[in-house]
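S.K.: As a plain string of letters, each chain reads:
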Amino acid sequence: MESLAWQDPLTTVERLGRTIYHQGRTETGEELHVSLAGSDGSLSATLFRCVQCHGVWGQGTEEGGLRVPPVTPSFLTRPHASLQTGQSREAYTDHTLPRAITGGVDVSGAPLHSGMPRYRFNEQQVDAVVAYLKKIGTEEDSDPGVTTDTITVGAALPLSGPLAGIGQDAQSIMEGYFRSLNERGGVYGRQIRLIVEDMGSNPSQSEAATARLIKTGQVFALVGSFEFGEAAATLNLIERAQVPLIGPLALSPQASDPPNPYVFYTLAGFDIQYRILLDFLVPHARSTMDVARPRVAVIRPKHTTILNTVLTPSRRKTMDIVVEYEYVRGSFDRVVVGEQLHKRPIDAVVFIGDGEDFLAIGQELDRRHLSPMLLASAGMVGHRAMDVPPGVRAKVLLAVALQPPTEQDRDQLETLAGQHPLHNLGFARMARGAAFMLGDALMRIGRRVNRSLLIEEVERFREVDSGAGFTLTYGPQKRIGSPRARIFHVTPNAPHFIPITDWMVPQDSQ
Amino acid sequence: MAVAETKAPVIPDIEVIDQDGGVHRLYSDLIKGKTVALTFLYTSCKTSCPAMTGLFGAVQKKLQAESRRPVSLLSISIDPVTDRPAQLKTVANRFGAGPGWYFLTGAYPDVARVLAALNAAGPQLSDHPSMILVGNDVTGHWTRHYGLASVPMVIDLIESVAGPGADR
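Chains as they are written, first to last, in the numbering used here: chain A, 424 to 933; chain B, 184 to 351.
Hints were generated in silico from the structure; no laboratory data involved.
Hints may be right or wrong, so weigh each one.
As the list claims (entries may be wrong) - Output of the computed footprint for chain B on chain A, the stretches with three or more beta carbons under 8 Å from beta carbons of chain B:
1. 535–544
2. 641–652
Claimed, not checked - FRET-style restraints, in silico, Cβ to Cβ:
3. A:Gly483 <-> B:Gln307: 16 to 22 Å
4. A:Leu506 <-> B:Glu249: 32 to 38 Å
5. A:Gln510 <-> B:Tyr291: 37 to 43 Å
6. A:Ser737 <-> B:Val193: 30 to 36 Å
7. B:Ser211 <-> A:Arg543: 41 to 47 Å
8. A:Ser467 <-> B:Glu249: 23 to 29 Å
9. B:Ala191 <-> A:Ala514: 44 to 50 Å
10. B:Pro282 <-> A:Glu513: 42 to 48 Å
11. A:Thr829 <-> B:Val193: 56 to 62 Å
12. A:Pro502 <-> B:Asn276: 38 to 44 Å
Built from N, CA and C at the ideal position, the CB exists for glycine as well.
Produce the complete structure using the sequences and hints provided.
M.R.: Laid out in structure tokens, this is it:
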């Protein structure tokens, strides 16, 4: 893959200038500052990145009545009369442009519009920005991974160890998708090339594999990388490097507030699924059991954070949480849990944990002749839900973030992958959705492509059908494309999972 | 460009939520009997809103440093559907908002009424005028500034609405 590695068309100085222009900091992450007109205070330059106002090609923007001028070479090197301030100025030179950036004054020393911050750059930094502004908007003004005929993207996947099947599925699905796209001419004359790094089945290798894709592979974007439950280091790396990650394969997205702006998740995580389960529980208890305030037992492992955004005061008000029991992960004691559930009357059990422990609770309830509703995320408990004894199984309610696949879905995925049975259809469909998102966004951007435009374009997705069983809507603050779930019953015979609700979103996100 | 209001605006006393989830009445809790500087923002704005919010941050520092009489700073979201308290809190933290600076959202129709009352509505988010309103509810003096301002300009506006004998 090294032979194809991307060669930077910008000089080191120009590249530094581009990083400052786009990111408001240096490549080493050095913090830069600005001050605003008439203020001696200091704010992070990341809040006032040049690109925000002057645009990715230096074309200028207009927002909120503020008309921001271009900073292209042709604009700066000619005299100009500003409509915004009414001032005229001569052409900028290498001597006067730095003063505009750091001192907020134009060629003749007149103050610039107060919307233009004073950037506290050192000489080397301001010279770098001035050097970059001579290349802004040109063919050389590109992000890594983009050449005249190729866009290189990368995925960090488990290709060895117990999760290897998931990684192999994802690789063959995405390769199949891009192969088909490339055979149809690629994207505006460029072929999409996917490189894959093995992260083993070990969360600690995820960051290193991602770093290899960014530094050695020089990828333009990441697509469909696998995300372990503990992903903070990798996500921090992605944010520092400002490389978009499109559609990570995540059982439950690492939602942060504010969201990591570079990571576009597809499906609802466990937090959203449990919020929906509890929102559903109260009206369901009323209509099926004539219970106005259901008595609820919450069984969860110690140190789980999933319920932090679920058991809000307003949700607690709608129900009586009579048991909150925390078990130690890996040593689930069914008898102790059974005793908890037998202590007082309970209408519903909300369970967080794996399929084996879910089954154990089901068996324990059956043994004690108890049959409360039993609520969990299907993604957590999986097919073990079908093994729960029939009396209890009839009361099982599972939140599902992705519609179960049909035979036709399965066939299409296997054809795309060029492969025999896939190991995990859920992740395979997420990989299909991720490849689609990237291809679709690139198609919408056009020939002139960079990372900022990719992010902006994905943010414009509104109810876009991924072709993988889910639709995607993003926005400036919205980084989970399909934050919905529906609730299923479990039946002993195929199709086993039958929806009893339409798609729902949590009430507190409406 | 600063324009004195010919008469004090009638501000709808809608329910608003601040960046910490606190619920207030816009007029009776946050404006009545006070001097306020008020602006609008939406958190997905990349250009004028960060500049305006940065300006308010600098104004707040200046006011604190000179321990003038309290001035409430109100940043009202014009995109209340997107901007919930969590989004506003993020912006408030980024810009170092201290006590007395409220980032406010509310129900969409209510916010629309405020925009209409203050003559600040626009057909699209990105069309909203970049504007600062400064008012003194006690004296009934209000003034507005279109476009971005500098810190001294905002301080001057605050001075200009203080009535005779104001305790400063």
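S.K.: Now look at each hint and say whether the structure bears it out.
M.R.: So, going through the hints one by one against the coordinates:
1. Under a criterion of three residues with beta carbons nearer than 8 Å to beta carbons of chain B, the stated coverage of the stretch 535–544 of chain A is upheld, 4 such residues being counted.
2. A count of 0 residues in the stretch 641–652 of chain A with a Cβ less than 8 Å from any Cβ of chain B is obtained; the coverage claim is therefore unmet, three being the minimum.
3. Range check, A:Gly483 to B:Gln307: about 18 Å between beta-carbon atoms, so the 16 to 22 Å window is met.
4. Taken as a hint, the range 32 to 38 Å holds for the pair A:Leu506 and B:Glu249, whose Cβ atoms sit roughly 35 Å apart.
5. The beta-carbon spacing between A:Gln510 and B:Tyr291, approximately 39 Å, falls within the hinted interval of 37 to 43 Å.
6. The hint said 30 to 36 Å for the Cβ distance between A:Ser737 and B:Val193, and at roughly 33 Å that hint holds.
7. Taking the beta carbon of each, B:Ser211 and A:Arg543 are about 42 Å apart, inside 41 to 47 Å as hinted.
8. A C-beta distance of roughly 24 Å is found between A:Ser467 and B:Glu249, which places it inside the suggested range of 23 to 29 Å.
9. Our hint of 44 to 50 Å for B:Ala191 and A:Ala514 holds, since their Cβ atoms are close to 48 Å apart.
10. The beta-carbon spacing between B:Pro282 and A:Glu513, approximately 47 Å, falls within the hinted interval of 42 to 48 Å.
11. The given range of 56 to 62 Å is respected by A:Thr829 and B:Val193, whose C-beta atoms sit roughly 59 Å from each other.
12. Checked against the hint of 38 to 44 Å, the pair A:Pro502 and B:Asn276 passes, with Cβ atoms roughly 42 Å apart.
Of the numbered hints stated above, the single one contradicted by the structure is hint 2.
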